[in-house]
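Colleague: Note that the protein sequences, when read in sequence, are chains X and G. Throughout, our numbering is defined as the position within the first sequence, counted from one, plus 996. Throughout, our numbering is defined as the position within the second sequence, counted from one, plus 208.
Since the hints were derived computationally from the structure, they do not count as laboratory data. Yeah, the Cβ is synthetic: ideal placement off N, Cα and C, and Gly gets one too. A hint or two may mislead.
[What the hints assert, rightly or not] Computed far set for chain G versus chain X, every beta-carbon distance over 12 Å: (1) Ala280; (2) Ser314; (3) Arg380.
[To be verified] Only some residues are given here: those of chain G computed to face chain X with a beta carbon under 8 Å: (4) Arg213; (5) Leu217; (6) Pro226; (7) Ala227; (8) Pro234; (9) Ala236; (10) Leu254; (11) Ala260; (12) Thr265; (13) Arg267; (14) Arg268; (15) Val269; (16) Arg270; (17) Ser395.
[Stated by the list, open to error] Computed footprint of chain X on chain G; a stretch qualifies when at least three of its residues, placed anywhere within it, have a C-beta under 8 Å from a C-beta of chain X: (18) 358-366; (19) 397-404.
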Amino acid sequence: MSKTGFPAAAREELADTQMRRNVGKATSTIRARRAARVAEVPDWEALRDAGAGIKARAMATMPEQLEMLEASVTRAGGQVHWARDAAECNAIVGGIAAGHGATEVIKVKSLATDEIGLNDALAAQGIEAIETDLAELINQLGHDTSSHILVPAIHRNRAEIKLLFEHTIARGEDLGWDITAIAEAARRHLREKFLSVPVAISGANFGVADSGTICVVESEGNGRMCVTLPRVLITVMGIEKVLPEWRDLEVCLQLLPRSATGERMNPYTSLWTGVHAEDGPQEFHLVLLDNGRTDVLADEVGRQALHCIRCSACLNSCPVYSRVGGHAYESVYPGPIGAILTPQLRGLENAPTLPWASSLCGACYEVCPVKIDIPSVLLHLRARVVREYKSGRSAEALGMEAVGRVFGSQAFYERAQKLARLGRGPFVTAALPGWSAMRGLPEIPQQNFREWWHARPSRSVGGDGPTP
Amino acid sequence: MSGGREAVLARVRAALGPAPDIPEIPRAYRQAGALGAGGDSVTVDLFCARVADYRATVRRVRGAELPGALTAACEQREARRVAVPAQAPPWTVEGVELVRDEPPLSPRQLDELDGVLSGCALAIAETGTIVLDGAGVSGRRALTLVPDYHLCVVRSADIVPSVPDGVAALARGAAEGRPITFISGPSATVDIELVRVEGVHGPRTLDVFVVESRTSGRE
């Protein structure tokens, strides 16, 4: 888990100029595309309000929704499992795969399974998890980690990926510079796996309680392959992905694609309900995962982080993310949403610097399709870190206490202003290195307002002052 | 792992407290029916334009012109053996062997075919989306997934204006447990430099045939 913290990790990442160019180019492209697709929807703000309402209602009624989802899925022939934490979830999934004698499983991109380290857990059991999403495959082949929720290999450009593929799955063949040829190499590599591997693992974008329908939103068709062709399908779903009603999809399926890839609709959306005779997997397992989500739910301000539908618009619009990239956040959830989700999921003491990984500009809130007030949650978490984990005797706390005393008295305050004029410059910069490294100190005028007020010639009220 | 179930539910209840505030959902957006019933020329024009935006090919034909259009498309794509759903209507495509999905074709058999010809449950104009529901003319999911070329026949009366219209029309199928697939253009990826490239794992070519019809295939 986080050892270095965001400031140190960010400094390291910022030194990678190639990464900065790749991420900067990608985020500016996607920002423009999203803006254009959102602008053509006349009721976008009403959809955002509905999206926020749907998620808030789902959270407030979560026990009933989860029980209803379980009943609906079971009625349709699926099996539902519950996992308190990562270890329990990995054991359930590993047990099902092993029960079918699997040595390989195919996977659809899933942040929940990345969060719980499922691939490593399966490997320890002798089961190889094959990632089928193009970006996940790139990261798997490059022994790299995700840097973006939606496009996890966005820190790499096509030249890097071309070379990686030529050295791995294309076995030395020259793929040229066309992205189509790179995609074609992935298609050839995975085709046989789709046709032969009997167990697949997916995540879920939404799980509809009243109908028992699970929804996976994707582009490439690897998701359709995984949820359709294998005999056994295991879906790992965070409990916060539950939607109360089928009709809630009419909102979510409008908000997600336009916010995510800036498309009117993503190429493929798969919706399935339990097991269907002669069509698709004949055994379906749904694993409902907690792993810290109920801790997030317990914080009345912080719980809105669970409303996230993983579109990544906040990453793309964030001036911090678009410069440092995703790795500095040291989590599968980077960017502004990661800065509020990761500390809550892992516990504030395990990611205490992330709530400060923001300039609080508010761009994330403006683009969020379900109106998560990320800046407010960041401030709330900062306050919690200070209250719960910082010592009252720290330099910052003592300094603030002193400032409080000075600002509380007119005499002290006026004297401090005079002192500041003398003491500004190298003295202060040296005394407050952490503060002044990222902030300029304001110029202090030769005469301040109070001094000017005292020095001005006295006039009678209502005299020759300016008239309105 | 029944202990997990009770433990997770207990944690959720504890997190929410005894009387959580349950908000109403403001639904001031354009709901189902707000833009009319669909099937009209404005809706059909919009659907065709939006599908074309995804770099799929759209052809608008009258019923009698469909066989000719299908034949021309298969000729152009060099498709000689094409799968059709078990309950396909009597489509005819000259010079093409139509392989009926009955008994169900295995993924490997499908992989050897040149394409698949299907209908759809409905289509959504605003997003250029075709919706398959795993039954009737839509066919099983594997059928329209494994072959590299998908020809899809859409009846103009089945084109609804918006996503809420589509989701409302699919509610019954979902309640019956039908597998539903939304298709918006050919398989694509934006994973490399966020450039949309057609063709990864799903069908890389999508040809859509909009047939003018007055009656809907929907129940």
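Colleague: Look at each hint and say if it fits the structure.
Modeller: Verification of the supplied hints:
1. Ala280: holds, 25 Å
2. Ser314: violated, 9 Å
3. Arg380: violated, 10 Å
4. Arg213: holds, 4 Å
5. Leu217: holds, 6 Å
6. Pro226: Since chain X brings no Cβ nearer than about 12 Å to G/Pro226, farther than 8 Å, the hint is violated.
7. Ala227: violated, 10 Å
8. Pro234: Since chain X brings a Cβ to about 5 Å from G/Pro234, closer than 8 Å, the hint holds.
9. Ala236: Status holds, d = 4 Å.
10. Leu254: The hint is violated - G/Leu254 has no Cβ within 8 Å of chain X, the shortest such distance being about 11 Å.
11. Ala260: violated, 12 Å
12. Thr265: violated, 15 Å
13. Arg267: Cβ of G/Arg267 sits 20 Å from chain X, so the hint is violated.
14. Arg268: violated, 20 Å
15. Val269: violated, 24 Å
16. Arg270: Violated: closest Cβ of chain X sits about 28 Å from G/Arg270, beyond 8 Å.
17. Ser395: Constraint on G/Ser395 satisfied, holds at 4 Å.
18. 358-366: That given contact is violated, which follows from only 0 residues of the stretch 358-366 of chain G lying within Cβ reach (below 8 Å) of chain X.
19. 397-404: holds (count 8)
In summary, the numbered hints that this structure violates are 2, 3, 6, 7, 10, 11, 12, 13, 14, 15, 16 and 18.
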